[in-house]
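*Asks:* The hints should help you fit chain B onto chain A, whose structure is shown.
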Amino acid sequence: MKEGDALPSMRFLAKELRISVITTKRAYEELERDGFITTMTGKGSFVSGTNLELIREEHLKRIEQHMIQIKELAVRCGLRLEDLQEMLAVFYTNA
Amino acid sequence: MNTAANALEIKGLTKHYPAFSLDHIDLTLPMGSVMGFIGENGAGKSTTIFSILGAIRRDGGTVRILGQDTAQGIPLSLKEQIGVVLDECCLPETLNLKDINGIMKAAYRTWNSKTFFRHVHRFFLDETKRIKDYSRGMKMKLSIACALAHDSRLLILDEATSGLDPVTRDELLDLFYEFIQDEQHSIFMSSHITSDLEKICDYVTYIHKGKLILCQEKDGLMQRMGILKCSETVFRDIDPAAVHGKRTTAFGVEALVERQKIPAGLVVEHASLDDILIYLVKSDMSRVKS
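Same order as they appear, the protein sequences are chains A and B.
Numbering (this note's numbering) for the first sequence: 2 to 96.
Numbering (this note's numbering) for the second sequence: 21 to 310.
If we strip away everything but chain A, and leave its shape as in the complex, we get (with noise of 0.2 Å):
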């Protein structure tokens, strides 16, 4: 979806996901907290577009940090490059 579009209703939603109202409501809710969407009540809920950017800056900081710690770790446990590409593979095909 991109900037400024519309996000169906929480009950359209919930209607054509056989879902509760709650579970919606909810899921929008944590969207709003993340700053994905935006919702403006009487009118509904839109996605954000700005605030994607930053987030995902946020979310690559966030990555590098913890990048920075698992390296650190590795080191210690005589891990190399190779080793910690090799467990990150296998997190990837997991998921």
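None of these hints come from the bench; they were simulated from the model.
For each residue, glycine too, the CB sits at the ideal point set by N, CA and C.
Hints are supplied without guarantee of correctness; some may be wrong.
Said to hold, decoys possible - Sample of chain A residues with no beta-carbon within 12 Å of chain B, all distances over it, derived:
| # | residue |
| --- | --- |
| 1 | K3 |
| 2 | A7 |
| 3 | M11 |
| 4 | E17 |
| 5 | E54 |
| 6 | I56 |
| 7 | G79 |
| 8 | L82 |
| 9 | L89 |
| 10 | A90 |
Said to hold, decoys possible - Examples of chain B residues toward chain A, derived with CB under 8 Å:
| # | residue |
| --- | --- |
| 11 | S53 |
| 12 | V54 |
| 13 | Y197 |
| 14 | Q201 |
| 15 | C221 |
| 16 | D222 |
| 17 | D239 |
Stated by the list, open to error - Quick list of in silico lysine to aspartate or glutamate cross-link-like pairs, EDC-like style, CA-CA up to 16 Å:
| # | chain 1 | residue 1 | chain 2 | residue 2 |
| --- | --- | --- | --- | --- |
| 18 | A | K26 | B | E203 |
| 19 | B | K229 | B | D43 |
| 20 | B | K159 | B | E108 |
| 21 | A | K3 | A | E54 |
| 22 | A | K44 | B | E203 |
| 23 | B | K159 | B | E198 |
| 24 | A | K44 | B | D202 |
| 25 | A | K72 | A | E83 |
| 26 | B | K125 | B | E100 |
| 27 | A | K26 | B | E237 |
| 28 | B | K219 | B | D239 |
| 29 | B | K65 | B | D43 |
| 30 | B | K159 | B | D119 |
| 31 | B | K152 | B | E108 |
| 32 | B | K219 | A | E17 |
| 33 | A | K26 | B | D202 |
| 34 | B | K249 | B | D295 |
| 35 | B | K231 | B | E60 |
| 36 | A | K44 | A | E33 |
| 37 | A | K26 | B | D239 |
| 38 | B | K31 | B | D79 |
*Replies:* For chain B alone, coordinates are given in the frame of chain A:
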């Protein structure tokens, strides 16, 4: 437009019979929500519903429907906004659809014949047949069409889908979802068909021997609870506060547990609404703490 926050507010509802009592039932259905009402046969579901509707006299407690207190009975204007579907179609069997439309039009100020026939055609109900020649499923669809053809804001269903085939129940579920597209519409439904309740309900309430044993958000409940199957030895080390019901078999223990309180490494399976009822009732627990 109704600005009440709750479609249904019940406090301390009590009704005494010689062999059975409804004991201080408290429950709240927020506007725009769907609540499933679950319990064994004879647990008090129909008694509760009839007490809400004023069809039987209460011995205690208060009932507010769509924000209005009903201690003096339900005013006609409020009756227009309540759609009731019971497990038996109560319409006279010698009538046909046109007759029913005529009677309902006279009974309800907000009756909409167009809406009635729209639902009737959608269900392929035969206009030439008399009610007595309808199958059980068709009678149910007709009852529901009636409940939807006036200005219903609260749908109250008492085992309305029991005995219906899965295809019909699927169609009816569609209808209920359509009904709640309007956030001023709410549904209170008692049912044994917990697979339907697992889909549409926002809240579930369990009743057992006239007492409320649980009233919670359905999603939270089903995520929080699970079934643990293990040996007696392993079970002895489980935190008793985590256990809400237990069954001992020849090969070990099966227990309804709170997932979070179970040590990692033990497998906790999914608990369905049926499972939850069975374990709670078999252990005769009075309350599940949230």
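*Asks:* Give a verdict on every hint.
*Replies:* Hints and how they fare:
no., hint, verdict
1, K3, "holds (26 Å)"
2, A7, "holds (16 Å)"
3, M11, "violated (9 Å)"
4, E17, "violated (8 Å)"
5, E54, "holds (32 Å)"
6, I56, "holds (26 Å)"
7, G79, "holds (28 Å)"
8, L82, "holds (31 Å)"
9, L89, "holds (24 Å)"
10, A90, "holds (26 Å)"
11, S53, "holds (7 Å)"
12, V54, "holds (7 Å)"
13, Y197, "holds (4 Å)"
14, Q201, "holds (5 Å)"
15, C221, "holds (6 Å)"
16, D222, "holds (4 Å)"
17, D239, "holds (6 Å)"
18, K26(A) - E203(B), "holds (12 Å)"
19, K229(B) - D43(B), "holds (9 Å)"
20, K159(B) - E108(B), "holds (8 Å)"
21, K3(A) - E54(A), "holds (12 Å)"
22, K44(A) - E203(B), "holds (14 Å)"
23, K159(B) - E198(B), "violated (20 Å)"
24, K44(A) - D202(B), "holds (14 Å)"
25, K72(A) - E83(A), "holds (12 Å)"
26, K125(B) - E100(B), "holds (12 Å)"
27, K26(A) - E237(B), "holds (13 Å)"
28, K219(B) - D239(B), "holds (10 Å)"
29, K65(B) - D43(B), "holds (12 Å)"
30, K159(B) - D119(B), "holds (15 Å)"
31, K152(B) - E108(B), "holds (12 Å)"
32, K219(B) - E17(A), "holds (11 Å)"
33, K26(A) - D202(B), "holds (15 Å)"
34, K249(B) - D295(B), "holds (13 Å)"
35, K231(B) - E60(B), "holds (12 Å)"
36, K44(A) - E33(A), "holds (15 Å)"
37, K26(A) - D239(B), "holds (12 Å)"
38, K31(B) - D79(B), "holds (12 Å)"
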